[in-house]
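Participant: Kindly produce the complete structure, drawing on both the sequences and the hints.
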Amino acid sequence: MRAGFVTKEVLNGLRRNITLTIAVVITVAISLSLLGVGLLANSQVRVMKDYWYDKIEVSIFLCGQLSDSPTCSGGPVTSEQRAQIESDLKALPIVANVYYESQAEAFIRFKERFKGTALVDNVTADQLPESYRVKLKDPKQFAIVQSAFSGRPGIDSVQDQRTILDKFFKLLGVLRDGALAIGLISVLTAALLISNTLRIAAFNRRRETGVMRLVGASNFSIQLPFLLEGLISAIIGWGIATGILSALKSLVDARVAPLLTFTNFFGWADVWNASLLLLLTGLVVSAIASFLTLRKYLKV
Amino acid sequence: MPMIRCENVTKTYSKQDRPALDSVTLEVAKGEFVFLVGQSGSGKSTFLRLILREEKVTSGRMYVAGKDLSTLSQWKVPEFRRGIGTVFQDYRLLPNKTVSENVAFAMQIVGAAPKEIAREVPEVLELVGLDDYGHRMPAELSGGEQQRVAIARAFINKPQILIADEPTGNLDPTMSVGIMKLLDRINRTGTTVVMATHDDKIVDQMRKRVIELENGIVVRDQVRGIYGYSG
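Chains as they are written, first to last, in this note's numbering: chain A, 1 to 300; chain B, 1 to 231.
Don't read these hints as lab results, they were simulated from the structure.
Hints are not guaranteed to be accurate.
To be verified - Below 27 Å or equal to it, Euclidean Cα-Cα: the simulated BS3-like pairs (lysine-lysine) are:
hint	chain 1	residue 1	chain 2	residue 2
1	B	K30	B	K97
2	A	K170	A	K249
3	B	K181	A	K8
4	A	K55	A	K8
5	A	K296	B	K76
6	A	K140	A	K49
7	A	K49	A	K8
8	A	K135	A	K111
9	B	K181	B	K208
10	B	K67	B	K56
11	A	K8	B	K97
12	A	K296	B	K56
13	A	K167	A	K137
14	B	K115	A	K8
15	A	K296	B	K15
16	B	K158	B	K181
17	A	K55	A	K167
18	B	K30	B	K201
What the hints assert, rightly or not - On the chain A side, residues computed to face chain B include the following (Cβ under 10 Å):
hint	residue
19	R2
20	E9
21	N12
22	F142
23	L214
24	G216
All C-beta atoms in this analysis are idealised placements derived from N, C-alpha and C, irrespective of residue type, glycine included.
Facilitator: Here's what the structure looks like:
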């Protein structure tokens, strides 16, 4: 068959089935948008992790007056212990840099943080622990630092700020998984609708396909117009979905980002990557749905 | 090599104990005109469906247009059908296409060049006597005219065999005569014609070979035969 003839048949098919074509386009647009939101949520979680993990540190609190952990039974940390800890820290290859926070500095930070509360007046500098703030080259390697330092005399505790963030990211992860699941379910809905639409189209055009069969059209050429109709609907739906995601990105940039300054947001590259993935999803799902349906309803 | 050769062809549909065709052996030579007669349920349609390879034989061998249909693989069936034209009682025209488009459809399907289509469609329409009907819609035509369009479509790819399943079944006697003349003319171009019919007058007039089926068995095969039974 010639391309011109196929094109004409496909356009005729889409026009004759216009209400169903619109239904398929809208369903594909919505389901791909939902899936796209899931993908962008995934990007957002990744961006936030990059942003936050870059800022977090491991804190090694040294024994002070008030420390009551067993490793502090020998009283506040001695200067030899402190020197040993510092040199050991600097010798660790996974450590990016080490910052020593003295009791005086801790007190200044404490006052900043609890400014205006009664707490500030009741605490003195020597009640606060001194600490090492350690930045790791890879924040995931906390366990190495912990096993090397916790339990050592003179060290009260080793804290990873990641454990605080992890709870937050776990929550975000659940939200993201939910969004992806909804997206995938709606893509499945779209696939079923495409399949059903093609079934109706095949039934509506049983005269044509019957004649095609009689005059010796191959299976492929009988099915091709239907397949292309499904794919074209999917591509239009994908175009709309990409438009919706772009609008979402613009909205986030214009309205949300100025309000939430504590994090970065996903970039345009994430939108285009998601869009590309949606195109593939749309094409593959449509092709599979068409293939399975047509194989059943358009037999030679 | 005969155009159609059946060797002990039996066709049994699933869920039926009696075969629709029972051990049929016959030959149809190239360029022959054959009437297939018999009551409803005698196996005429099954025989035509086997020739078109819409069904597979249950046992026996069937050769059509030089192809062994029992070993013809499924993907080669469309190509095989291009060598066979088919005409039905209900015309089977596409209602939303013009007469020309209906005829051209058969050529477009097999990938003919637009130039070739533009040249051949008017020629075939002239052959069937519908020179000026190209732009009309099927619904505007009489039954006889619609059947001519169907014949034009069946003939345009120059098939070796033309299968006609009661082509005059819906037509009045005058129109039927016109259709038979047309089929006869097509037959004279060397095309083998196999026509199933209930129309006794036509069969008696034409005096062609008659094969009569009864309960799936060939009960009569007569050169220059007549319809020969009242049913």
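Participant: Please flag the earlier hints that this structure goes against, numbers listed from lowest up.
Facilitator: Violated: hints 1, 3, 4, 7, 22.
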